[in-house]
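*Asks:* Full structure from sequences and hints, please.
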Amino acid sequence: MAMLTAVPRYVDLGRPFTAFVMGIAANKVSEARRAPSRRRESLSEQVPDRATEEANPERDIVRLETSREMATLLAKLPEREAEILRLRVAAGLSAEETGAVVGMTANAVRVAQHRALSRLRTLHAGSAS
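The letter at position 100 of the sequence shown is residue 100 when you use this note's numbering, and the numbering goes up by one with no holes.
Hints were generated in silico from the structure; no laboratory data involved.
No false leads were mixed into what you were given.
Simulated restraints, written as ranges between beta carbons of each label pair:
hint	residue 1	residue 2	range
1	9	122	37 to 47 angstroms
2	3	105	22 to 32 angstroms
3	124	21	26 to 36 angstroms
4	10	61	36 to 46 angstroms
5	5	125	35 to 45 angstroms
Source: prediction; values computed, not measured.
Note that the Cβ used here is the ideal one computed from N, Cα and C, for glycine as well.
*Replies:* Right, here's the structure in full:
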């Protein structure tokens, strides 16, 4: 829907149309990632009514905590680096596709991703001590 409503506002600035589409997708991924922290659901709302064969509460809690920790660490990065990590890791875009979205070359995306991951390691080490 976001794509359909945005097409009338598209202005050709010399970049590929796919960059425009990927930008919309990147924004939607970012919004989806931020949504759970805005809702602040209680744990009881996340627990299923019945146990299933796939149910693994311990795994689910670890994933939830890891997700919250990653969101906290990503919030400490510069916005462009955080966006590159979301696009590359969460959305699974290639360096070329990510570059089209953020207006960088594929090599610049790789360098920025490396720097962002290095900063995340440093931030994580600082928060673990």
